[in-house]
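Residue numbers (the numbering used here), protein chains in the order written: chain F, 26 to 295; chain W, 87 to 511; chain P, 2 to 301.
Source of the hints: derived by calculation from the structure; they are not laboratory data. Each hint can be trusted.
With the C-beta cut set under 10 Å, the calculated list includes, among others, these residues of chain P facing chain F:
1) P36
2) I130
3) L134
Note that this is a predicted model, so its numbers are computed, not measured. For every residue, glycine included, the Cβ atom is placed at its ideal position computed from N, Cα and C.
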Amino acid sequence: MLAASIRLGAAMVLIWTLAPFLWALLTSFTPENEITGEARLPSHLSFDNYVYAWRATPLPLYFLNTLIVAGLTTALSIACSISAAYSFSRYRFAGRGALILGLLVIYLFPATLLVIPLFPIMRTLGLLDSYLGLVLAHATHAVPFCVWMLTGYFDAIPRDLEEAAELDGATPFGAFRRVTLPLAMPGVAATAIFAFLYSWQEYLFVLFFTTGEAVRTLPVGLQVFLSGELDVRWGAINAQSVITTVPVVALFMLLQRHFVRGLTSGALKG
Amino acid sequence: MKRSDRRTFLKTASALAVAGASQSFPSPAIAQGVRITMWHWLTRPDDAVWAGLLAEWNRRRPDLQVAVDHVPLAEFRQKALTADQSGAPPDVSRIHPAWLGELDALDALEPLDQRVDGWTHRRDLFDEAIRVCRPMSSRPMIMLPILGQWVYLAYYRNDWLQEAGLGVPGTWDEYLVAAKAMTRPPDRFGFSMRGGIQGWAHGWVNMFYAYGLSIVDERGGIGVNSAQAIERNQWFLDLYRVHRVTAPSAINDGFPQIAALWRAGRAGSFFHGVHAQSSFTETAGDRVIGAPVPRGSNAWTRADAIGMSIWRKSRNKNAAWEFLSWLLEPEQHARINLNPLEPNVPALRSVAARADYQGNRFMQAALAQRESWGLLPYWHPYWAEMADVDWHPLFQRALQGQITSKQMLDQLAQGFERAGMPRRR
Amino acid sequence: MTAFALRGARWRRRAAPYLLLSPAFALMALLVLLPVASAANMSFYNYVLTRPWAYRFVGLDNYARALADPIFVQAIGVTAVWIAGVVGLQLAIGLLFALVLNENIRFRGALRSLVLVPWATPSVICAFIFMWLLDGNHGIVNAILLGLGVIAQPIQWLSTPGVSLWAAIIALVWHGAPFFAVMLLAGLQTISDEYYEAAEIDGAGAWQRFRYVTFPLLLPTMLVTVLLRVIWTANHVEIPLVMTQGGPANSATTLAILTIVTARGRLDYGYAASLSMWLAALLAVVAVAYLRHRARRLPT
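Here chain F stands alone, though its shape is the one from the complex (with noise of 0.2 Å):
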């Protein structure tokens, strides 16, 4: 009773998961006078699509902005919230309440709040149109719900880990970096897939800090190009989801295992 319910619910699972996918995956090798025809297969497999996308579109470029894009904000907002999150977890300072409730708010800020006033502030510092304003942009709003992770890991081991290398003549830092940082590995990957995830796919900041192609990262840039005035293209626009989107599934297929049991060693319990 209790396995069938539960492989129902899994088989609901996929099904909602995949389900528009699939259909994207199919109307993608649809050829184009056929989308919007009675039939609701296709006659034949065509390539078609995935050519005009990638003709269409500088697509390697926008992989490439892409990955640089959120490998570097996963670096920055990692390493700026390793170093906050321990701070939270292992020092009891004046203003620490006051200043985790800060990173609450600052999370309240919505971005169509940031990008107007932010677009003079990026100019002045020379970042429109550089992978360092995207990557800036990024990591400050990924910060705070790292640094929330983080902390949750951090404090799940115990001090006296860090207390005995102490004891052993390690400095404080050194004691972190050889004890804790190892143990609470699983949940900075974890952490680190979050900030990669959100980066990988934001769009307002690209949208209001690029103008130009070069480091123009993929969800702007498929919009740009697949929403021409006089022409949305179907089957190009679900080719393109399944170009942007099978190679981040492939990177989890290859992490699942370290995320989950990276998440799994110190959930987030407010």
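Got chain F sorted already, so can you dock chains W and P onto it with the hints?
Showing chains W and P alone in chain F's frame:
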């Protein structure tokens, strides 16, 4: 580079281009390389003409390189104005005619009359093509008609009209008869009405001016909510509300949905520029015809232009002019406006006379109605905002019967009134 | 990196936590606090990009204008439905996912990865996928419903007031449910088996085990995830904007969409700034309510 040098250069260059000797483009005496930025939006993602022209220019002119940035049309106005007010607009960009009024009031674009007057092909330009580049006839030219003119047509499924034993509708009353005859739900809809954003452009505004109604006149008189306007607006709303000649999705349809209806062969008529023809012929081919927009009390055809401009804050205006005027030369102009994906009515007489144009039936239909070409009050500071933000929610509420035709138009009138007349510096 | 090595002097030990916090907070000061201050300032001015000559201090006029604007008032209601719909459904589906993925089933590893597909799909692409699925004239969803005889007429998902908002909600639920799933899965895995064993000895059935063990122990994780998601959802624009343009007739215009449209279409930055300050203020109420609820557990 001294101005006199440049003049000489320009004359030589233009003369050579006219002579068709464009392969041996001379290298000008600009000591240091100049790089200008052009903002562009794509109407067709796979368009090759613009990419080809830019590659050609950059190959020929290592000293004057043009870098293109693609900005989506929906974001273009905000991005351009924000960039302009932070002091760094592009050097040149595409400009939508609906923005001319506000850009003129901001003094954001470079007046071009003098340069155009001194240009080799000045005489080749149609008067209409110059007129569309001014926000008002009394204002300077702040745009170049590089993309020709966007003349509106009524697109019909001629086979459906013939099936119903009807000819091409000449008046709006005949149009209603035709739209009804072509409608066979759920497979066919007589009119692919656009109720979503920017829907005013496709039929609604055309009908207004065909009845001699003015939305706002050059003295500031607001006509958008006159008694006759209210009546005509109701007539248009009834296409959806009463006669049901539109797709059931019409109320929030944008161009993607409409293009899909045409591609599926389910739409009977639509109003759009001559540049959009291939969106309608993709499936139905020759069965789609382009005809004059129906007459009301008079014939009126929207014929404006997306053009290109030099931003006033550009530091490379001469270089920008060199580039833009090159694009407007007959050879390049023909390539841009003969683009099968986005053909337009040329701004140059010599190009319009070419056989390629004369062979395009849509182009012929557009050229045949030259006497009825008209412009919308783009000079009004509220126009762009009305077109972008206010029109479609009001129209959609009126389509649903939440507000009356009068309430819809009264609200638009308030917008025009609040914004007031353009400020002149 | 080790410039702030924490040996020796006491003041150093005291400074250490602040030094460690400084990179994160410096980043946020520059890229959040500074623009927020600037936006707050903007909201007190008549700042319309197309009318620089009319730029002047107007005090609270922009805030008052919002209250008198029927679309703003409507948008608050739409935002409430939007948040409740998105977060409620994401929670329900995420919980189901987490419970299933926590069981020892075959292909669990693959399933755990596949569940993340929607999350890895950029939101703009999600919007296009769902626009296509729900297209009123050619969409597969209508075709299936018509084929099954569930409906007699195609549903105009994106063209019916009230429905178009739900079309966008469904798209965002698809996109965001995996986030809930992984957060809740993580929470589930921290619940010790001993509780379940004890419950089983007491004769608790599956539902009772969920009701009296899983649910209360998972509640803190759920609440904090819900809070984060409420904020995130309230600020989300691209899916409803691409799918519905906030329409028809503003029926899907949330506060975030209204802000974007005001900034992008009216170029009225002063009013747009005041709208987003309103949104931040309304979210602050939610956040404070949460913090009060969790007051005892809040780390201090």
